[in-house]
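Novice: As a plain string of letters, each chain reads:
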Amino acid sequence: MAESFELVLSGVRKDYGRGSTALTAVQPLDLRVTEESELGIIGESGSGKSTLSRMIVGLEHPTSGEIVFDGRSVKEWLSTRRSRLEFRQQVQYVAQDTTSFDPRKTLGEAVAVPLRFLRGITDRDEIRDRLDAIAEELALDPAMYERLPHQVSGGQRQRFALARSLVVEPRLLLCDEVVSALDVSVQGTVLNLIKGFVQRHRMGLMFVAHGLPAVTFISRELLVMKRGEVVESGPVRDLVESPQHPYTRELMNAYDLDDGRKELS
Amino acid sequence: MNWWRGNRWWLVRILRLPLDVFVFATIAFFLIRLLPGDPVVVSLASRNEPVTPESVAALEAQMGLDGSIWSQLLRFWGGMFQGDFGASLVSGAPVTQEVFSRLPSTVELILLGLGAAFVATIVLGFLYTRFSNRALRKSIQVYSSFATTVPVFVIAVFALLLLYVKLGWLPAPLGRVSSGVLPVVTGFPLLDEAITGNWRMLGETLVRYIMPVLAMMLAYTPNLLTQYLGGLDREIAQTTTRFQVASGAKRGWIFFSVFRRSLSSVVVVFGLFFGSLIGGAVTIENLFGFGGIGQLGVRSVESIDFPTLQGFLIIVVAFCLIAMLVVDLVNMWLDPRRRPGVAAEGN
Amino acid sequence: MTNTQVLRAAASRKRRKPGLVRAVLALVPVLVLVTVAVFAPAIAPFDPERSVDAARLAPSVSHWFGTDAVGMDVFSRTVYGTRIAVRFAIVVALIATIGGILIGVFIGLSESSRGPLGLLGRLLNQISNYIIAVPDIILGIVIVGIMGASDLTLTIAITLCLIQAPIKLTRVEVLRVRGESYLEAAEMAGEPALRSALVHVVPNSLGPAMRNLPLIFGNCVIILASLGFIGVGLPMPTPEWGYMISSGVSALMLGQWWPAVFPAIFVLLSVLAVAFTARALPKTWPVLADRFSKIIPNRRNSLA
Amino acid sequence: MSTATRPDEAIAVRDFSISYRVDGELVPAVSDVTFSLSRSERLAVVGESGSGKTTLATAIAGLLPHGVAHVEYADARIAGRDVDLRVGHRVIPISQLGVSMIFQDAMTSLDPVASIGHQFRTVLASGERRSRRDVRGEAAHWIDRVGIPRPERVLGLRPYELSGGMRQRVMIALAMCSKPAVLIADEPTSALDVAVSQRIMSLILELTAELGTAVIAITHDIDLAQRYLDRTLVLHQGIVQDFCATDGLSAPERSAYTRALVKCVPRLRDFDRTSLPTLAATMRGTGMGGA
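Chains as they are written, first to last, in our numbering: chain A, 1 to 265; chain B, 1 to 347; chain C, 1 to 304; chain D, 1 to 291.
Be careful, since some hints might not be right.
Straight-line distance between alpha carbons at most 30 Å, and here's what the computed BS3-like set of lysine-lysine pairs gives [said to hold, decoys possible]:
| id | chain 1 | residue 1 | chain 2 | residue 2 |
| --- | --- | --- | --- | --- |
| 1 | D | K179 | B | K250 |
| 2 | A | K75 | C | K283 |
| 3 | C | K168 | C | K283 |
| 4 | C | K283 | A | K105 |
| 5 | A | K105 | A | K195 |
| 6 | B | K138 | B | K250 |
| 7 | B | K138 | C | K283 |
Simulated DEER-style distance windows between Cβ atoms [as the list claims (entries may be wrong)]:
| id | chain 1 | residue 1 | chain 2 | residue 2 | range |
| --- | --- | --- | --- | --- | --- |
| 8 | B | G115 | D | R90 | 24 to 32 Å |
| 9 | C | I265 | B | F131 | 29 to 37 Å |
| 10 | D | A251 | A | H61 | 51 to 59 Å |
I should point out that these hints are in silico values taken from the structure, not numbers from a laboratory. This one's a predicted model, so the numbers in the text were calculated from it and none came from an experiment. All C-beta atoms, glycine included, are put in the ideal place defined by N, C-alpha and C.
Turn these sequences into a full structure, and let the hints steer you where they fit.
Specialist: Written as structure tokens, this is what we have:
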């Protein structure tokens, strides 16, 4: 069971470029995330949702405002080697997999790397045990650890990417469009795995996507972004049943099919 | 403001040219001086002169190698801004004059060779797209795979053997004309012969150009052809072509569109290709007894003419940079997406 | 196999795997070339740098390729020419590829960083940009002119021309790999930046420069012959192809074709041999690698 | 030829199979597809990646690359006429008049260096001789019809000067201006945001309804099929699983694969579920075995 944590964003803003051509990717934004959170972020491409999640893990830096995790700003966390590793162990980020594995390293080697650096485990047997444990939990075949990334399907690779992040037992997991590139039939499997894992381990989750149904399934709270701005936020049920902002309404309508569909069961 | 935005792409590019030449000249200045080996000593040794401090100092002064490297650099820069690279040790004439009197005839040869190769490329590209005959397409591909493998002077030697020695169809490789002195107006032999109305010489020169241009065409077409075939294959498979076919566009237009879109892949390599063309032209000039920059280079090497070599390098490269600039501008004019800033605005 | 894969495979026709025999056959031309070079003293019947018979003898049983204007045996000279060309080409190809990779990796890793290393990286990149614009043979002429003609001079001149391609190729590849998301993943996994540069960036950036190596080999032969042809190559009696061709041209005019044509054929064949092997190598390499080393996992042959 | 031609038939194919030549062997990609559509009818071809749906569409539009594919069929009619859909010898295939196709990305579909007006001219000026002004007027009319203001101005622009939405509309106008009997749309909305994709789909449906054009939409998204298209053809590994009215996709007589596929689509109101149905689990549940 992970301990509690608190992630606070205050007035975070991100601009690309300078002067007259500057583009604001994220408008000033306040947000609080804890180990209880299962937060979904939805928006079309260019809405700033990915930038937001990348700023939280320090892959990009806010133009202004501050991101504070457990009382220290992300910038501070990343300033020294020791605290950087500590921060990485607690907050993990999974991106849409296209090339997130080194083509020359087996999947096993890739998944072992965070154990070695973030958990300081060097004992081969222990690494092996942990790899087997995470494989079991994510319903992966441990034999596939021997394979190279291109030798498994896209859905499998995405699950290994999850394994690489979850093997260090982080307290907060950020998922950036992890199912968008997958076939519908595989999406369900991956979503179930994430949801199950997060609930069993009581971790915080931030799930970024542009496909609404995946987000409404996996999260309890929802943030709707458009052009770098949060247009509406609240519990998923409220937003689905009674969206307030016209953009949210348009979005919900686009997916709502109650009239045309007769579902079994 | 609006005019500036519309024309920025070529103005900026042209304004950068002098800077490029200046930077390259400076790099060349250091490169030449940092190489191991001392031209002064080599030169004295080759003339069997004793290496005394006096003779070394005298030759250093002649070559512009006296004083510290920084004072040399200042003198070099000063001279360059006045278009002065010193005087040739052989003829005593200014280096710029030595080079510029020979450059046009080399350029003429290059342009003819390049033009012939370009036409051949277009024709073969057309055959490649128009006909699906396997043997034809395969042989065009095989020919294109000879790119950068066969040196032009080797082809020229074979051409000489066949067309002059065996068949006797073409005249001996002994200069541009059989007798007389070429008129000099612009420095481009063909042009000058036409301007002065010297039709006999023009005819002779044209006949004597057949073999070298043929050799250059045979040697350089594969280089352009690989690019063009690659471009054609890519463009034919492109969604654009499929969309045109599916929406029922006129067949001629589809071909035209494919050719035009693939052409930029050829024109792009023209710039860098120019360098190897100059190299090839030097060997061709040597073989066919044409005067040109190759002849100047070889003469300078034989007499260790340091100022000429230095000026020769810088002027030839400046010329290459100009050629690349022209190619870039043509390309940007053909395809506006290549203009800087356009792609960013499009997204 | 999915439809998309079938289509791609069918369209590129690269999936066809040649057998071991074909794979070895692809190497034959270059092996022959190297063999001739290595065993030149055993193959050549005469001393290549001395007059051995009357001048201008036509090809015969005793002089297969005839003799040249001063009575040197053309066959012996041509065979020794192979030795010289191959020696140059191997040295230049190795120096240019290894050096080019080192410099390219350095530029690619350092150019975007601040501080003196970044400055040096950008400077090297700019210098390389300008040297690329210099025609190979012009650079050769100038360097030989300043330093005098010798093995060392020509090696420096040709390497300086040909090292630019591996530098550029490696630099671009390093920049591409640095943008790959597996480096972000490495950062998230806590790998130190230097380690991930060495473990992930460098090994994944070597491909293009390695594939360019045969091209350097061939180009070196061409440049060496071209410089020799215009008379700024290796000094006189050395049996170098370019020089042999140019000195044979005057005899060619008189119908004595052999002193010029045989070395020209050898230039042609050697360059084509290298080009042939270079083109066949990407296809046959997996087969050979598969045969001879089961230990190293190879990316290409395991593509399914 | 055995089936009688209905007067309002737009397209009909029977026993349509496609295979690819790989290393001299034929690898089947799509087998024995039979369907027919009447004018204005809308068909969705649904399948996962690798199911052969794009291959099928490309073959019907006559766009398969020469030399790599092999097409066989018992019968193929477009607008009541027999057509030759076998892969030709030409390097650039010849258009199957009567079938237009639009693609996912308008930017790569339009000729990047030609003006929009020119691109219309290449389509509209084929066949009979017409004056430039006449053609220009018709092009402007089409651009106006897809809802772009000031059509005359757009004619002089090149694709990169248009916004993404405008490019998409121009592409649709170009595909429709030859008044095809069938419009094939390959993943028409998967590159678009939800709101935009709705507008684009309704534009396509409106235009095709007006001209009586049949629509074949290739998609991985069952949602799209259920929202916009009358009939659905489900492909799995090159084999037709079902061909039926879209409303009846989850009816008990449908194949297990189809029903499972419909069930696994994540829904907006899944927030109360603890887990989503997955394809494998659903098919196991129906006792039909895995795929």
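Novice: For every hint, state whether the structure bears it out.
Specialist: Quick rundown of the hints versus the structure:
Straight-line distance between C-alpha atoms of K179 (chain D) and K250 (chain B) comes to about 15 Å, which keeps the hinted pair within the 30 Å bound. Straight-line distance between C-alpha atoms of K75 (chain A) and K283 (chain C) comes to about 49 Å, which puts the hinted pair past the 30 Å bound. The straight-line distance between the Cα atoms of K168 (chain C) and K283 (chain C) is roughly 24 Å, inside the 30 Å bound, and the hint therefore holds. Taken as a hint, the K283 (chain C) and K105 (chain A) pair is honoured in the structure, with Cα atoms around 23 Å apart against an allowance of 30 Å.
In summary, the hint linking K105 (chain A) to K195 (chain A) is supported, as the alpha carbons are separated by about 28 Å, within the 30 Å threshold. Proximity of K138 (chain B) to K250 (chain B) is assessed by CA-CA distance (about 28 Å); at most 30 Å being required, the pair is judged to hold. Note on K138 (chain B) and K283 (chain C): the hinted pairing holds, with a Cα-Cα distance of about 18 Å set against a maximum of 30 Å. Roughly 31 Å separates the CB atoms of G115 (chain B) and R90 (chain D), a value that falls within the hinted 24 to 32 Å.
Between I265 (chain C) and F131 (chain B) the Cβ separation comes to about 33 Å, which falls inside the hinted range of 29 to 37 Å. Judged by the Cβ atoms, the range 51 to 59 Å given for A251 (chain D) and H61 (chain A) holds: they are separated by roughly 55 Å.
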